Structure formats: C-alpha cells, structure tokens
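Q: Protein chains in written order, with this note's numbering: chain X, 1 to 116; chain H, 1 to 228; chain Y, 1 to 623; chain U, 1 to 422.
These are calculated hints, taken from the structure and not from any lab test. Please read all numbers here as calculations on a predicted model, not as lab measurements. The C-beta atom is built at its ideal place from N, Cα and C for all residues, glycine as well. Take the hints with a grain of salt, since some may be wrong.
Result set (DSSO-like, lysine-lysine): computed pairs, CA atoms no more than 27 Å apart in a straight line [claimed, not checked]: (1) K30/X <-> K109/X; (2) K108/H <-> K30/X; (3) K228/H <-> K108/H; (4) K121/U <-> K109/X; (5) K428/Y <-> K77/U; (6) K110/H <-> K30/X; (7) K109/X <-> K141/U; (8) K79/X <-> K108/H; (9) K616/Y <-> K196/H; (10) K109/X <-> K168/U; (11) K192/H <-> K616/Y; (12) K109/X <-> K228/H; (13) K54/X <-> K196/H; (14) K79/X <-> K30/X; (15) K616/Y <-> K125/H; (16) K54/X <-> K110/H; (17) K30/X <-> K73/H; (18) K121/U <-> K141/U; (19) K166/U <-> K153/Y; (20) K117/U <-> K109/X; (21) K558/Y <-> K546/Y; (22) K166/U <-> K121/U; (23) K79/X <-> K110/H; (24) K79/X <-> K192/H; (25) K76/H <-> K109/X; (26) K125/H <-> K110/H; (27) K168/U <-> K153/Y.
Simulated restraints, written as ranges between beta carbons of each label pair [unchecked claim]: (28) G607/Y <-> T155/H: 22 to 30 Å; (29) I482/Y <-> G91/X: 42 to 50 Å; (30) K109/X <-> A241/Y: 22 to 30 Å; (31) G193/Y <-> G194/H: 39 to 47 Å; (32) A185/H <-> A561/Y: 32 to 40 Å; (33) T22/H <-> K121/U: 53 to 61 Å; (34) F612/Y <-> T90/U: 58 to 66 Å; (35) T22/H <-> K30/X: 53 to 61 Å.
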Amino acid sequence: MAHDASHADAADHGAEHAEEHHPQWSTYWKVALILSVITVVEVWIYYTPFRDSKLFVPALLTMSAAKFAIVVMFYMHLKYDHKLFRVLFTGPLLIAIGTLTGLMFLFGKFALHLGG
Amino acid sequence: MATAAIAESHSHGEVSHHRTSTGLNHRKVAVWAFIGSECMLFVSLISTYLIYKGRSVVGPYPHENWTDPATGKVFKEILNIPVTSASTFVLLMSSLAMVLALAAVQNKDKPMPTGWWDRQLRSSKLWLWMTALLGTTFLGFQAYEFTSFVHEGLTIRTNLFGSSFFTLTGFHGAHVTVGVLWLLALLGIDYKRGLKPADALNVDIAALYWHFVDVVWIAIFTLIYLIK
Amino acid sequence: MTTMAAPAPATLPTTGEYKTGIWSWLTTVDHKRIGILYLVTALFFFVWGGLEAAIIRAQLAGPNMGLVTAQQYNQLFTMHGTTMVFLVIMPLSSAFFNFLIPLQIGARDVAFPRLNAFSYWVFLAGGIVVTLPILFGMAPDGGWFGYAPLTTKAYSSGYNIDYWVLGLQILGVASLAAAFNFITTIINMRAPGMVLMRMPVFTWMSFVVQFLVILAFPVITAALVFLLFDRFFGTNFYTVAAGADPLLWQHLFWVFGHPEVYILILPAFGLVSEVLPTFSRKPLFGYPVIVYSGILIGALGFGVWAHHMFSVGMGPIADSVFSVTTMLIAIPTGVKILNWVSTMWGGQIRFTTSMMFAIALVAMFTVGGISGIMHSSAPADLQQTDSYFVVAHFHYVLVGGAVLGIMAGVYYYFPKLTGRMLDETLGKWHFWTFVIGTNLTFFPMHMSGLYGMPRRIYTYDAGQGWEMYNLLSSIGVIFQAIGMTIFFVNFIRSWKKGAIAGNNPWGAPTLEWAIPSPVPDYNFAHIPVVTSRYPLWDQKAGDLVKSEAETTTGGRLKTAAELGIPMPFPTILPLVAAVFMTAMLCGLLFIHAGNLPLALGIMITCGLGLAFTLIKWLTSPLE
Amino acid sequence: MTGTSRLRRSLGAATAALALAALAACGSDHPNSTFLHWTEFGRDIDFLWDRLLGWGTAVFVLVEAVLVYTIIRFRAKPDGPTPVQTHGNTTLEITWTIVPAVILVFIAVPTVRTVFKTQAKAPDSALQVEVIGHQWWWEFKYPQYGITTANELYLPVGRTVNFALKTKDVLHSFWIPNLGGKRDLISNRTNYLWFTPDSIGAAAMNGQCAEYCGDSHANMKFKVFTVAPADFESWAAHQKRPAVFGVAPAAPATPAVPVKSAARGAVAAAPAPADTAPPVGYAFPADQIKPFWWPKTPLPAGLAEIPDAVLAQGDAARGKDTYSRSACIGCHTITGNPMSMGVIGPNLTHFGSRHTLAAGLFPNDAKHLAMWIKNSRMMKPGVLMNTQGMNEMDPMMHQKVTTGGLTDAQVADVVAYLRALK
C-alpha cells in the first residue's frame, strides 16, 4: 500500500528495491512506540539508585545510540534507501565519533593516566 | 548553505532531461552530504560542552548545587530533567508526524480509504501542521528553559557551563527554527496548489533535515542532561 | 592517438552568443567563467600575499633591521599566511574544480550552478573583509592559527582580530557551499560509462578534498563561533579568568587545520597526475593505488591533528599515538611519489613547461614530505616546532607541492581555458627562476631553524649564526618575484596573443580535450559515452563527440539554442545574497564599536534582504 | 655518541653533496645550535634526529636519483615509438608500500621509547624552577631556595632541573635550543620539562620564547648560565637575601660590557659604587661570556640619550628615594625596600647582578637602563611599563608624560640605585 513515488522522476532508476521494502504506516507507529519506551526508561533510571552504578553511563549511551540508529534507519529510511546515502552519512558520522572520542581522551575525560 | 542548496530547486531535479548517473536527485545527495557535515558541527559543540564540564570556576552548575562564597546565596542544580524529558518526547513525536506527512504526500493519488482514521492519515496538511506545532512546542520549552535559567542566575556570560550550554542548545534551537520555517513553506505550497506525489521529494528532503535535528537532540539529551 | 595529430585550427571557435561585458560576469552561472573568476581573483591575492612575504623577507634580510615595526610585521606574517592559505591556494584549486570537474566527467555544468556563483561571491567578499584592513594598519595580527587567549579581547582589544574571525567565517561558508555542490556534481553528473574508477585522478582528488572540506570546516566554524561570541557577546570560551582551556582552541583549530593541509595539496596531486601521463605518453602507473592512497591520506588526515601540538604537553600516550599515525600517512604519500616516477619510466617524456613544473613537484614535495617525517617524531619535533625548520617544511609542501602543481595545471589547462597557448620560452624562464628562487628561499630556513631561530620574530640579533641563511632566503625571494613577474607577463600576453591551441594541443587522453578550446558554454554538444579511463587514447573520436558538421554552422560553433540544449539563466541573485550575508555578519563590528542599535539595524536589514533574495532565488526558474 | 657522530659524518657528507656544501662552508658559528649533547634530553633528541636525518637522506637520495635517471633516460626522441602502455605492477607497488612501513618502524620504536622516557616524572632530588611567562618577560622562581628573579636563569651543572611552566597571560614557549626541546606555557595549566646539564661546564647561552605571544614576541628572550654547583649555591644564597643597598662587588662581576651597540657606539660602563658592604654572591663573570651572547639591539631613533655627565652625577641614595616615591613601586618588588611590593613587573631585588635588561634585549649598563626608564615603550614595542621620562611622548598613549615624570637627573639617580642592587 505504501508506494514510494519519490523515485518516479529518476528516469533511469530501477525502482525495484524501493517498491519491495518500503516501511508501512504501522512500522512508523511501532518505531515511535519503541522510541518513547526507551526515553521513558532513560529518564526512569535517572531517578533510581542505578544512577550511581558504573553501568549507568554505558547504559544511557547504548539506549541513546539505539534511538539514534532507529530514527536514522526507519524515519530517515536509510535502511531502505540507496547505499550511497548510507556511505554519505556513516562515513562522516564515524569520523565525527572518532574526533569526539579523541578529544575526550585528550582532555582526560576518560581518565587514562599513565606515566607523565 | 542548506537553504541555498535547496534553493537550487524546483525546476532542476524534476526536469526529465536531467538524467543523473546514480538515478538519485541532486538535492537529496546534497542534503545527505550536508547532514554529514552537520555531524561534525554538532560534535564540535558537544565536545566543547563536555570538555568544559566541571571546569567552571563559578556556578550555577548543571547537576550540583552551588553556594556563592561571596554572597552565601545557594544556586540549585540547574538542569530541569522533567521539563526536558517532556520536550524530548515532543520532538520525538514530531518525527513521527513528519514521516506520516511524507507518507501522506506519497500516497496522494491512491484511492481515498473509507475509514475516518485512514483518511486522516492521508492528510498532508494535518501532519505537516502537527510537525510544525510539535517543533514550535519544543522551541517553547526551550524558551521557557532559557528564561528560567536566566532568572536563576545563569546566562551565556556567567561561566564556562553557561557559554557552552547556551551555544550548543541555542544552535540546536536555531536548527529547529529553520526546520519549522521550512515546514511552513511546504504548508504554503500545500494550501496554494496541493502537494502531490511528484512533490514527495521536497517533503522527503525537509523530513531528512527534520529527523537529523531530532537525532542530534537524542544525543544532546543523553550526553548533556542525563549524564552527570 | 586519434586526436593527437589533429591540426590546430587557425582561428578560435566562437559560439556567436557568448555574452561579454561586466554585467555578464556579475550574473554568470557558467562554471567555466566562475572558474576564471576564481583564477584571476586568486592570482591577484597571490601578488598581494607575495608582496607581504617580500616585505617580511626584506625586514629579515639582516639582523636588527627597522623596515617595519613589530606590530606591522605581526600583521604581515598573519596576513601572509591567511592570504596564501585561504585566498590563494584554496581558490586556485577552486578555479580548477570549477573549470575542470564538469569537463572531466562529461557534464554540462555543476549540479547547482547558482549556488556555485554564490560560493565565488562569498569567497570574494570574505577575502575583502580579511585583507582590506591592512591598508589601514588594522589587519589581523594573531597569526594564521590565531591561538587563544592572544586573540581574545583581553589581549587583542582592537578590531584586527574581528576582521579575521568574520573573514574566515565568511570564507568557510564559501568553501562549504562549493563542496556540497561538487560532491553532488561528481556523484550525480558523470557521463554514461564514467564509472568512479574511470574518473580522471584530478576529479578523484577533488572529490576527496570536498569531503575534507565538509568535515573539517564545521569544526573551525564552531571554534570561530566561540571566539566570535567571546569577542562580541562576552562569553567565556577562551576567557582565562573563567577557567577556559586554551587547548580547546588549539585542538579544534587543528582538527580543521590538518585536513586543511590536504585540502591544499591534494588538488595539486590531482593536477600532476593528469600532466605526467600526457607528457610521458603513458597511462598513470597504478591508477587504483593512486586513488586509494588519496582516499587514505584524506581519511588518516583526521587522525593526526595533534602532531601540531607536541610542545603543549599532551602526555606521552597522546604524543606517541599521534607520532605513529602521522608516520602512517607517509606510506600512501610515498606510494604516490613512486607511482608518479614509474609513470614516467619507460615513457616518451616531453619537457613542456607544464611537465617541468610537475616533475619539480615530485622532486620538491619529497623534501617537504621527508621533513614532515622528521616532525612526526614527537621528541625531535620539540626542537623543530615553532622554529624556522617548520617554516621550511610547510613551504616545501605548499610552494614545492601545491603551488608547483597548480602552475603545472595552469600551463596545461590555459589552452582549454582561453583557446591559446602560454608562451613556452617565457614559461621556461618562469620555471627556472621560480624553482631556483623557491629552493634558495626555503632550503636555508631548515638550517636557521635547526640553529635555533624561532619563527614569527620581527627581528633577530646579530651574531646568532643566522645572518647568512636569512640573507640567502631573502635573495631567493627576488628570484621568485622575477619568476612570477615573467609568469604574469606571459599570462596576460598569451590570453590575447598566444598561439591558437585547438582542441587537444598536448595529445592528452581525458574527456575535456575532446571539445573545442575555449569550451563552448554548453561544454558537450552531446554527452559522450565513456568506455575507457583514457577515452581519447582508447576510443574513437566519433564515439565521444559529434562530427564537426553537426556542431558547426557557417564556420562557427552552433549555439546552445541551435543545438537544443537548455542553459541556466544568468542571475544577479547569488551576488546580491553574498553581499547581504557579508554585510549582515559585518554588522557585528558595530557591537565592538559600542553601537548596539546600529549593529542590530544593519544585521536585521541585511538579514531581511538575504531572506528576500533567497526567496526570489528559490522561486525563479533555473533555466 | 661516537657511533652516531660517525653516522652523522657520513650523512653530513652526503647532504653536503646535495647543495649544503656552500652553506656549511660559509656558516661559521652556530651559538644556538639544537644539535648539542649538553643534557641527556639533548642527546635523546639528537639520537632521534640522527635516525631521521639518516633515513630521510637515504630516501631523498634514492627518490631524486631515480627521478633524475628517469627523466634523462626516457626523454622523448624524435619519432620515438608509442611507449608500452603499462598500467601498474602489483609486486612493485606492494614493495614500495611495505619498505617505507618497515623504515618507519625503525623511527617509530625509538620515538615512542623517547617520548615515555623524557616525559617520565622528574627525580625528586631535582632542582625545582618555576617558570612564569609574562608579555614579554620571564619570571623564574626557585621554591627550594625562596628566590624570585627574572630573565636570567642559573642552573647548576650535573643536577637535574625540573621546570614547572606557567603563564600569567597568553601562551608562551620555553626554549633553550642548546639544552633541548621546547615546552609551551599554557594558561590555566602547568607543564613540566626536565633535563640535566651534565656535559657542559660553566657556559652562557640563549633562551627565547618560541610561541607567538603578541607585539614583542621577538623580544621575549632570556639568558641561561650553567655554573659549577658551588657557584650556584653562592649565587642562590645571595639572591635569597634582601637587597642590600650599596653593596660592593666581590668579584669583577660588573658588566663591563665588551661589545659595541650596533647603533650608538660604545656602551658606557657605569661607575661602581665604592662601598664596603657585605660581599655579594657569585655572578657569572662577564668576561667569560662570548660576544654572540651580548645583546646588540639598536637604540630607537628619536629617543634622546641621557648624557654620560648626567649619569655620572646619579646618586644611589637619592635614587632610592625617587624610586620609592615613583610609579615604579606599583609594579616592581625589591625585597628589602618596604615601599616596593608590586608584582606585575619583574622582581628587581638583585637587579644589579644581572647582565641584561628588558628580557635579554639590552645589556644592563647605565646608558641602556637610563633610556629604558625614560621611555621603555620606545625601547621595546608594546611593553606594559609606562613611559617615565618627563616630557617624553608615550608611543602607546600618544601623549606626553607630565605629572609624575622623571627628569634626566632623577633617572640618573634611579639608575644608580638599581645598579647598586647587586
């Protein structure tokens, strides 16, 4: 039922994969539900003693990454779209995450103190 | 630049004599490249916030109370998690509205279903309005947050936390504002001549931008608000 | 070999309706004309930045000289660096991106022609904002990497740094807009059969560079936004008293700054990768390796930034990691050098001026690359960084690499640009004086640096063992100046009077040489179908271009209209948008002047003007 | 060390053949050389440098030789055949990917080892020196001795010195090329650098700021003396004491400056006070300092000198009075002078024992000191210290000094006072 018309203008483009795998309305609702649940869990654990656990930050980062990935894959339909877009997005994203990680190390945010 | 790239618009991508080597639309390629670039912008802003976290010489602080040694005045931890959780939820729901708007435009020429709810799902105007309103609500939350912080004694000039916090969230807010204006422009077209499946690409591109601004907030909410 | 022997026509082809006059240049959206605008503007700034360098070298020719004051000197070296990086080498590369990319991939234009014009006008505006103040003695004086907190208002209370921050921010917009444009162009507008691994290496390197731009410039944008907010709105990003960490600026700057080095050098690598095969009459040796090493250099370029900061005390782990990643970059770079030499090996080398510049790049970049390895060793770098040794190093990279490569490109593509040849005799004079001058200027700097001379000093004392090296460097500048003067004479004369070039004067293999010189506004009368990496060597001419009978009428080339090719309309809107945007940002200067209402008035007025222009732009048809 | 110098010799020969010959022949003396082996830090760096230069030269020679051979051997011949259209050679390309990688291992391993070695914690017995950068001068503190001084650094031979590097304003970089690499002074951070001057006797050398820090970056130098341990203790013991007004020199330490000012001819030596107070401590003997070391900065045009006759009239006691009532005390400390407690400018307690003034910019003699006091802003661009001479034009404020200005005679008195602070 969901038909991707956005490819109609692309003259020499085979519309085959877009036809088959495009998400349904129901997918969008399910995704919204999952996103909401994760957000609720995130806020909930913020108010529990788990907040002082060593696993708190990793847990939050994992949930946040999951939300990030779900939105990108389903709402930005990167899961279904041309693989070029995946490259255009994940390449820069990886460099960005690498830079963030590098900076955190350099400013001692990961507390890796050896020597000096 | 995004707007300028988008401004290379209507007659270009859709004109049939312009074949493209990948079959992809120019503007959509450009917007994905733009989003990749924005990743680096927000990573710079987020990194700066995180680097400066805990380094302010005076309060108020995000997660701790602070007593001004000069006046003895106590400043409470300033981040308001319940309010921000609500605004985060609003922004997430706006993304849902946005995909529904896109789906509605893509399916404009299908026979109209009979069920009331299914008919609502076909209304691009409804979902575009919904997205814009949810986006505006998010901005309202942010305006509330900013003004209450100022009342509590935190401005962009107060300390490192203030400078990096307001700049980061302010840049995000500016992106949401651009997104809302973009949605209003699409609504203007919808009212003037109706968005058709051939316009789906225009909505698609706006949606990509909108969702990206949403995922940035997902990162900000966790990294800035929830992690101490 | 099909086109190699084609006799040059006696006259230049004309299309009849190619518009001339100032207005046609202000409104042009033709990538070739925009390329020419970039070229001419960048060459103008080359003279400007060169004069700054000449004054610097005159001041340093001997010890304790008093030609300029300390403050003037500090402005001169800041502006020399800023000018050469942002207003000379980058836009010279942009000139080639604009002119060449569509031609090399068989396209009629870039993906967003009006955005392309906008990029140029924004670049020009940013260039004016950052360079003009030197005429009033108010030029930026914080060094080209503008380390905080020296650049904060507490230590630089004048307007000098304001112009730098605003100018760089504006130039960043130009680079980003252009990069999105070229990424889209290369991905989307290749001719049928022009798969990625058939693309000319220049286009490949340009493709990598555009990604470096879109990933590196946002970082400097953020860093500059912080500085701008600090200076105009009183934020604390670099305020020492508020607990700021000056290393924040340094890290953000070099996260941008190191990829920027590759933004400067890779286009030149691309150009010599075109020149060397043509004049050796051999395909590029190891094309895939050259391409992959270019990508690898670009990607690794994001993991080495802190090697500019070995003296700041990052700790042994960071120093070691960045030392090793920096050394890794030497591998793909070395591979490129050896592949270029192997391209010439076994060939029939023709020593045109273009080829000589390309060979000189291989020879001289090697020196810069080796001194780069010397910096990569963190403890050794502690004796080298911020000394003249590092000045020698990056001039070997940027002059011995980027400028020589671009010069090879200018001599190579001038015929395609203008339809006429640059004079080869003057070219040889240019080559020898410039290359000798370059070595004479920069090689002694290795020595003065290793013998303890720090960089960025406006004067030095007698008896420190530096006099002779400095004198040699200063004499070298005279040679460079003579060389560039010869070049400009040649450039201007040949534009009007040079020998007629014909389609393919060099017997080159790539697509741009299949069409007339100068290139008609529609580029390709029909879009070619490509089946080879070297179509003009491997394919029949008839497969690539229409016959002369089909494309000419009455002794002239047919117009786009006659051929039924839709062309984008010229428009002034990109220029207007660029002016509004620049004026809007410059309104901030009145905040510094203490006149908030005027600042707001200017910014709101220009902001509305910009919005109105963009709406007009958005709603007017492209073609 | 012998092994490396043999390596260096052979490589030096190769390099000379590559166009250095002319340069090396002309270059006679390099007093600020970075190749010296005077500290373990310097030796470690030079060890790496030898490897870098060796491999670098080898690669350079190889690449350029192949390049030159190629362009000569394969130059186009008339009617030459179309060359064989080779597209590459996988074996070759893999080879020249792996070979550089292997060479890099030989550089990377000692690099990493040296990084960790030189950045380890300094031994606890080290002499602690706190270095504080200011625009544009250096403050040196010896916390173990309770000494604060400026612009001249005394280091005992054979003892590890650990510098704690800080800055009061913008970034600077602490560099003594003869002794080893540089380290930056970063606002809101403390950096450390340590080494042991163990292979050099008493020597005077240069240090300088290596990070651009504004107007007078070029003029932010400092002077370094390596001295025998006993001499260091003598120097330190005296520097710790409050200024004793009117102290006579024990040794011929008076800077009888043996050089000529490039611009103004001979530099006048000031009359030494003929008092007989307690002896001063060790100061590096001026006559053992090589000519390169003495600043030859020209005097600014348009700044009137104070005649020698007026300077000769300077009286230290009057000068103390004038000094103690002038603006000087707002910025300078002289321990022993209770009026002089300022901390913005250099500590002047034993100013007379220093050989240079204005961060190594001028020799510390009466003439230069007088002109410095009169109009320091003409002597050194951008300095914070106000112009003090009566009716002098302050080049930064663009106005003449009137109230509070010092006449030439008063300047001469202050000069006499400051120079008496041995």
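Q: Which numbered hints does this structure break?
A: As far as the earlier hints go, 1, 3, 7, 13, 16, 17, 24, 35 are violated by this structure, in ascending order.
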